[in-house]
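Undergrad: As a plain string of letters, each chain reads:
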Amino acid sequence: MRRARFKWMALGLLVASGCATFPDQATTRQTAEQMLSEDFTAPSPALLKRLAQDRSQQICSKIGSTKLTEEEAAEVVRLSRESIRYPSSGIFAGDWKRGNTLAHDGAGDRIQFGKLEGRKENGGLCQNCHALAPGEINVGNVGPSLTGYGTQRGNSEAIAKYTYEKIYNAWTYFPCSNMPRLGATGHLTPEQITHMVAFLIDPQSPINKK
Amino acid sequence: MKRWYGVATVTIICASAIYPVAAQNNKAGDGLSIGRQMLAEDNPGELWIDRGKKLYYERRGPKSVSLEQCDFGLGAGKLEGASAQLPRHFADTDNVQDLESRLVTCMVQLQGFNREALIKRAISPAGSEGSDVEALALFITSRSNGMKMNLALDHPKMREMYKAGEYLFHRRAGQTDFACVQCHGEANKRIRLQDLVNMTDKKQIQEVVSTWPAYRGAHFVVRTMQWRLYDCFWQMRLPELKYLSDTSIALTTYLHYQGNGAVIKAPGFKR
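Quick note, the sequences are listed as chains A and B, same order.
Following my numbering, the numbering of the first sequence begins with 1 at its first residue and continues without gaps.
Following my numbering, the numbering of the second sequence begins with 1001 at its first residue and continues without gaps.
Some clues are possibly wrong.
Computed list of lysine-lysine pairs in BS3-like fashion (alpha-carbon distance at most 30 Å, straight line) [as the list claims (entries may be wrong)]: (1) A:LYS115 - B:LYS1270; (2) B:LYS1242 - A:LYS62; (3) B:LYS1148 - A:LYS115; (4) A:LYS62 - B:LYS1157; (5) B:LYS1203 - A:LYS49; (6) B:LYS1120 - A:LYS62; (7) B:LYS1157 - A:LYS67; (8) B:LYS1148 - B:LYS1265; (9) A:LYS49 - B:LYS1120; (10) A:LYS120 - B:LYS1242; (11) A:LYS49 - B:LYS1157.
Distance ranges between label pairs, derived from CB positions [as the list claims (entries may be wrong)]: (12) B:LYS1148 - A:ARG78: 45 to 53 Å; (13) B:PHE1220 - A:ALA52: 34 to 42 Å; (14) B:GLU1046 - A:PRO144: 41 to 49 Å; (15) B:ASP1094 - A:ASN141: 42 to 50 Å; (16) B:ARG1271 - A:PRO144: 35 to 43 Å; (17) A:GLN25 - B:ARG1121: 34 to 42 Å; (18) A:PRO144 - B:LYS1054: 49 to 57 Å; (19) B:LYS1148 - A:SER65: 25 to 33 Å; (20) A:ALA26 - B:GLU1186: 56 to 64 Å; (21) B:ARG1059 - A:ARG55: 54 to 62 Å; (22) A:LYS161 - B:GLU1186: 27 to 35 Å; (23) A:SER145 - B:ARG1271: 17 to 25 Å; (24) B:HIS1155 - A:GLN34: 13 to 21 Å; (25) A:ALA52 - B:GLN1235: 29 to 37 Å.
Because the hints were derived from the structure by calculation, they are not lab data.
Predicted, not measured: the structure shown is a model, and the values here were computed from it.
We put the CB at the ideal spot given by N, CA and C, even for glycine.
One chain only, chain A, in its complex shape (with noise of 0.2 Å):
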């Protein structure tokens, strides 16, 4: 009994000492940190500071199929929440035909030889990742299918409510999804996410064509 715990321990020991090479999670945060704070350059010190994770892109970053624990996922979501900011107009959906353009827009804000694209207005990067109106090639499908979005839901104002809070915040209904959090990120104003909104669920919208 002794002599097998003893074994035991030896064992770990050899463990230890032959897997301890490989640096620990807290060492290997900090070294991988460490580089990106040098290997980095932007036109300007407020740039360079997107580099930075807020709380819940640091929950939001497993490794392989670690996963979210319950706790945690619960404070993306409440973050999520706190995060979202309403249009000052109080109407959730916009103007179908700017969301239209904006939906299929994957532009904006990227950096390349020293320079910040110049650009009146972020393009609301949709058609990367979904299918939109009916017959549209040229979408991704990271996401699923928007086709037909208003015709199955309606658009009643708490469809618009929710449409709107899910491109505001992605996270709040599915904490670290692939969506990215358009709107909490700064990438898109409340009032462009309401033509978007209104893209989706407006009847005339060519999402909502057969």
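Following the hints, position chain B against chain A.
TA: Chain B alone, transformed into the frame defined by chain A:
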């Protein structure tokens, strides 16, 4: 006898701690590689190999010497199989270096070129003749064609780099909340019509690590892994990745190790 048993157990436990990606059967991967194979016939990148070869043997730089004295890890002038083991730790610089950073070290130390000037021109403009570094990186890699990627995490700094790369691959940041894994972690995904390689799939990551440097159709030039990583950070709307930075080498170490066993066939052909 008993001792061997212990050593074997430790080896198994240690090996499983690295968890290289599991092999999966993936139909999309197959479709993808067939398409790419069709493109790869008649690859204009082949022309860059000859240019790189000429540059390699020519006496160049302020010191007017060739690169034949450069040690890419297997000894001076030994190119066969060298890039299959890169990135690796080099004793003389006491750093983990990838092919391009080693190449620049040699061009500076042996040939006397100015480091800043080399770095500035390393990634060539689209539609240009390409840079010396791009041509040389392709020539040197092509000397390992047909050989298997075979990185070893034998040095502590390699293990440090590998782990940092793994961390960086999963680290989300910026206004798009992207880490690499958001676009390279699932099968059959596309950004618009661009197929995304699932780098958690053994077969697909092997296809990636064995095909760079690659001819990029959209740019009409040969591109390297350093460029590819820079470009993905650009899409992520993060600041600009410095050429040869540790961040780039950590990510390359991680990806290359995951792709161990892949048969090198440079240049690849990319969209």
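Undergrad: Against each hint, give a clear statement of whether it holds in the structure.
TA: Now the hints, each set against the structure:
Restraint check for LYS115 of chain A and LYS1270 of chain B: satisfied, since their Cα atoms lie roughly 26 Å apart, inside the 30 Å limit. About 25 Å separates the Cα atoms of LYS1242 of chain B and LYS62 of chain A, which keeps this hinted pair within 30 Å; it holds. Proposed proximity of LYS1148 of chain B and LYS115 of chain A is contradicted: the alpha carbons are some 40 Å apart, above 30 Å. Restraint check: the Cα-Cα separation between LYS62 of chain A and LYS1157 of chain B comes to about 23 Å, which is no more than 30 Å; the hinted pair holds.
For the hint linking LYS1203 of chain B to LYS49 of chain A, the alpha-carbon distance of about 36 Å lies beyond 30 Å, and the restraint is violated. Using a Cα cut-off of 30 Å, the hinted pair LYS1120 of chain B and LYS62 of chain A is violated, with the two alpha carbons roughly 35 Å apart. For the hint pairing LYS1157 of chain B with LYS67 of chain A, the CA-to-CA distance comes to about 29 Å; that is within 30 Å, so the pair holds. For the hint linking LYS1148 of chain B to LYS1265 of chain B, the alpha-carbon distance of about 10 Å falls within 30 Å, and the restraint holds.
At roughly 24 Å between alpha-carbon atoms, LYS49 of chain A and LYS1120 of chain B fall within 30 Å of each other, so this suggested pair holds. Distance restraint check for LYS120 of chain A and LYS1242 of chain B: the Cα-Cα separation of roughly 28 Å lies within the 30 Å cut-off, and the hinted pair is therefore satisfied. Taking the CA atoms of LYS49 of chain A and LYS1157 of chain B, the gap is about 28 Å. The hint holds against a cut of 30 Å. Taken as a hint, the range 45 to 53 Å holds for the pair LYS1148 of chain B and ARG78 of chain A, whose Cβ atoms sit roughly 49 Å apart.
Distance hint for PHE1220 of chain B and ALA52 of chain A: a CB-CB separation of about 37 Å, consistent with the stated range 34 to 42 Å. Against the hinted window of 41 to 49 Å, the Cβ-Cβ separation of GLU1046 of chain B and PRO144 of chain A comes to about 42 Å, which satisfies the hint. Between ASP1094 of chain B and ASN141 of chain A the beta carbons are some 46 Å apart, a value that agrees with the proposed interval 42 to 50 Å. Remark: the range hint 35 to 43 Å for ARG1271 of chain B to PRO144 of chain A is contradicted by a beta-carbon distance near 25 Å.
Our hint of 34 to 42 Å for GLN25 of chain A and ARG1121 of chain B holds, since their Cβ atoms are close to 39 Å apart. For PRO144 of chain A and LYS1054 of chain B, the hinted distance range of 49 to 57 Å is satisfied, since their beta carbons lie about 52 Å from each other. Roughly 27 Å separates the CB atoms of LYS1148 of chain B and SER65 of chain A, a value that falls within the hinted 25 to 33 Å. Range check, ALA26 of chain A to GLU1186 of chain B: about 29 Å between beta-carbon atoms, so the 56 to 64 Å window is missed.
About 57 Å separates the C-beta atoms of ARG1059 of chain B and ARG55 of chain A, a value consistent with the hinted range of 54 to 62 Å. The hinted window of 27 to 35 Å between LYS161 of chain A and GLU1186 of chain B holds, with their beta carbons roughly 30 Å apart. Separation of SER145 of chain A from ARG1271 of chain B is about 24 Å and conforms to the stated range, judged on CB atoms against 17 to 25 Å. For the pair HIS1155 of chain B and GLN34 of chain A, the beta carbons lie near 19 Å from each other, so the given range of 13 to 21 Å is met.
Checked against the hint of 29 to 37 Å, the pair ALA52 of chain A and GLN1235 of chain B fails, with Cβ atoms roughly 19 Å apart.
Figure legend: structure checked against the earlier numbered hints; hints not met, in rising order: 3, 5, 6, 16, 20 and 25.
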